[in-house]
Amino acid sequence: MRSEIQELWRFRELLVSMVQRELKIRYKNSAFGFLWSLIVPLVTVVVMTLVFKFFLRNGTENFSAYVLAAYLPYMFFQFALLDSAQSVLGAIQLVKKIYFPREILPLSLIIGNFIHFVLALGVFFLYLLAVWVRHPGISPFRAEMLWLPVLLAINFCLAAGIGLLCAALNTFYEDVKYFLSVILYVTFFLCPIMYFSEDVLYSKMVPEGQRELLYTIYHLNPIAMLCTAYRKVLVAPGPIKQGTETIAPIPLDWGLLGVTAAISVAMLVFGYWTFNRLKWRFVERP
Amino acid sequence: MSDPAIHLDDLRKEFMLSHSGAASIKTLLLWWKRRTLERDEVLRGVTFDVHPGECVAVLGRNGAGKSTLLGLLARVIKPTSGEIVVRGRIAPLLELGAGFHPDLTGVENVFFNGVILGLTRKEVAERLDRIVDFAEVRRHIDAPVRTYSSGMLARLGFAIAVHVDADVLLIDEVLAVGDYAFEQKCYAKIEEFKRNGGTILFVSHEMQDVRRVADRCLWLERGRIVDEGPPEELIPRYEAAMARPTEGL
Numbered sequence: 000m001r002s003e004i005q006e007l008w009r010f011r012e013l014l015v016s017m018v019q020r021e022l023k024i025r026y027k028n029s030a031f032g033f034l035w036s037l038i039v040p041l042v043t044v045v046v047m048t049l050v051f052k053f054f055l056r057n058g059t060e061n062f063s064a065y066v067l068a069a070y071l072p073y074m075f076f077q078f079a080l081l082d083s084a085q086s087v088l089g090a091i092q093l094v095k096k097i098y099f100p101r102e103i104l105p106l107s108l109i110i111g112n113f114i115h116f117v118l119a120l121g122v123f124f125l126y127l128l129a130v131w132v133r134h135p136g137i138s139p140f141r142a143e144m145l146w147l148p149v150l151l152a153i154n155f156c157l158a159a160g161i162g163l164l165c166a167a168l169n170t171f172y173e174d175v176k177y178f179l180s181v182i183l184y185v186t187f188f189l190c191p192i193m194y195f196s197e198d199v200l201y202s203k204m205v206p207e208g209q210r211e212l213l214y215t216i217y218h219l220n221p222i223a224m225l226c227t228a229y230r231k232v233l234v235a236p237g238p239i240k241q242g243t244e245t246i247a248p249i250p251l252d253w254g255l256l257g258v259t260a261a262i263s264v265a266m267l268v269f270g271y272w273t274f275n276r277l278k279w280r281f282v283e284r285p
Numbered sequence: 000m001s002d003p004a005i006h007l008d009d010l011r012k013e014f015m016l017s018h019s020g021a022a023s024i025k026t027l028l029l030w031w032k033r034r035t036l037e038r039d040e041v042l043r044g045v046t047f048d049v050h051p052g053e054c055v056a057v058l059g060r061n062g063a064g065k066s067t068l069l070g071l072l073a074r075v076i077k078p079t080s081g082e083i084v085v086r087g088r089i090a091p092l093l094e095l096g097a098g099f100h101p102d103l104t105g106v107e108n109v110f111f112n113g114v115i116l117g118l119t120r121k122e123v124a125e126r127l128d129r130i131v132d133f134a135e136v137r138r139h140i141d142a143p144v145r146t147y148s149s150g151m152l153a154r155l156g157f158a159i160a161v162h163v164d165a166d167v168l169l170i171d172e173v174l175a176v177g178d179y180a181f182e183q184k185c186y187a188k189i190e191e192f193k194r195n196g197g198t199i200l201f202v203s204h205e206m207q208d209v210r211r212v213a214d215r216c217l218w219l220e221r222g223r224i225v226d227e228g229p230p231e232e233l234i235p236r237y238e239a240a241m242a243r244p245t246e247g248l
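So the protein lines, in turn, are chains Y and P.
Note that numbering that gives the first Met the number 0 has the first sequence beginning at 0, numbered continuously upward.
Note that numbering that gives the first Met the number 0 has the second sequence beginning at 0, numbered continuously upward.
These are computed hints drawn from the structure, not numbers from a lab.
Watch out, some of these pointers could steer you wrong.
[Stated by the list, open to error] To spell it out: a stretch of chain Y is covered by chain P in this simulated footprint if at least three of its residues, at any positions, have a beta carbon under 8 Å from a beta carbon of chain P; those stretches are:
#, region
1, 36 to 50
2, 242 to 251
3, 271 to 284
[Unchecked claim] A few chain Y positions that, by computed beta-carbon distances, are all more than 12 Å from chain P:
#, residue
4, R1
5, F62
6, V264
7, M266
[Claimed, not checked] Once the Cα atoms are required to be at most 25 Å apart in a straight line, the calculated PhoX-like pairs of lysine-lysine come out as:
#, chain 1, residue 1, chain 2, residue 2
8, P, K77, P, K121
9, P, K77, Y, K23
10, P, K77, Y, K95
11, P, K188, Y, K278
These numbers come from a predicted model, not from an experiment.
For glycine and all other residues, C-beta sits at the position ideal for the given N, C-alpha and C.
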């Protein structure tokens, strides 16, 4: 694996070019350009907030901020995986003709999506500032925010690992990308995006003694853990109001976040290893 | 005698041949319908050297293994066994538009193709004017290449490949592109490339091209080199063999 990383480093200029190309191509023929990266999550969040406030009687203050804080990373994850699954097949003509480290194809798409995600987080911070102006009690400047780079790093490793794996497997079995969309659809509901991780801990369906266990198992899903962590780090915690009930926020579980970090790094190593094992067979798959 | 630019020793390549279509999870699961795989030996021990400044043409029927040979030299596929040594940088002349993105402008595509062929962006920037002038697309260079004619694309592709200062140029079929005047320019550029010590390996069915630029020809038949020699000697023999009906191939 070491020689592969050295080879990738030798081709870093190509990786940078591919990322630039990726960012240029995406919105090349649309008038709103990068704004589309914001419009989609914003519309989703507005719809979700309205539904939850009016139909499901969720009275939590600053609800939209909670949704955005988890939905933006989820969107990055989703697009990075779906894009990289297609990356090798999409460039197969190039792959057949010329040598370069093949991992550059999925990596450039993952990095491109990551840059969009970071920009979207910047806009999200502007939103938090706007909230602060209206509600001086909810300050966007919090010490916890310093943990954001760590979360981003974990998130990137996880996306890159699974992305490389999907890219390699989808080249041989195109079922992978359909399977992936189903999995991503299910995971969306298994992540605290439309609800709170606190809702999991206080679930009425589970007997009192087993709620902690459910909470832990739930957060062994690294994406769910990341969504929870982004929320805790980005948005000031406040009481969660569901109908007539009020739940106090739970602080971030650093042990579980550590597990997610370990899973993510392991995933990156495994994904890269698998990709390298399969990459020479991309052009000669029977 | 200087060291060869390309050195091949007993090069072999086997492919797996599938008889039941594309791969899918289905073929993994339906084990009773497991597709039959067959080994197909495309190259069966190819040995030759090409020296710097030499231009070698590979002749042969469809399926003789010519493109596989170029693929191995371009490091796109790995040999089953045997040795390949290529000294210096290799630039495959990409066929029409393989490396072009239709929505990007000519300049952006030149940069991307230059980098993929091993230049840094700074080096591409230094060569940009020469490439654009050679390809004669100055007026359109800031337009997306989807608006280009196929002739313009071919000229731009050729111009990039010959300006990256590769040591070895691999050419599959497309040697000279465009109208008569541009073709002459291509030939002149290839001559210049050879004079400067560049090595060319090309595959062509156009005997005129071969006569014009090749110093030596290799005749590939069913994965083996069956004959070799200067074009004026080998081409008549080759053409005579091609004129005969194929013998049990």
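Right, here's what the structure says about each hint:
1. Counting residues of the region 36 to 50 of chain Y whose C-beta lies closer than 8 Å to any C-beta of chain P gives 0; at least three are required, and the coverage claim is violated.
2. For the region 242 to 251 of chain Y, the assignment as covered by chain P is violated, since 0 residues bring a beta-carbon within under 8 Å of that chain's beta-carbons and 3 are needed.
3. With 4 residues having a Cβ less than 8 Å from any Cβ of chain P, the region 271 to 284 of chain Y passes the three-residue criterion, so the hint holds.
4. The beta carbon of R1(Y) is kept farther than 12 Å from every beta carbon of chain P, the shortest such distance being approximately 19 Å.
5. No beta-carbon of chain P comes within 12 Å of the beta-carbon of F62(Y); the shortest separation is about 39 Å.
6. Every beta carbon of chain P lies more than 12 Å from that of V264(Y), the smallest distance being close to 28 Å; the non-interface claim holds.
7. Once the 12 Å rule is applied to beta carbons, M266(Y) is consistent with being away from chain P; the minimum gap is 21 Å.
8. At roughly 31 Å between alpha-carbon atoms, K77(P) and K121(P) are farther apart than 25 Å, so this suggested pair is violated.
9. A hinted pair counts as satisfied when its Cα atoms are at most 25 Å apart, and K77(P) with K23(Y) does not qualify at roughly 33 Å.
10. At roughly 12 Å between alpha-carbon atoms, K77(P) and K95(Y) fall within 25 Å of each other, so this suggested pair holds.
11. A threshold of 25 Å between alpha carbons decides the hint, and for K188(P) with K278(Y) the separation of about 36 Å lies outside it, so the pair is violated.
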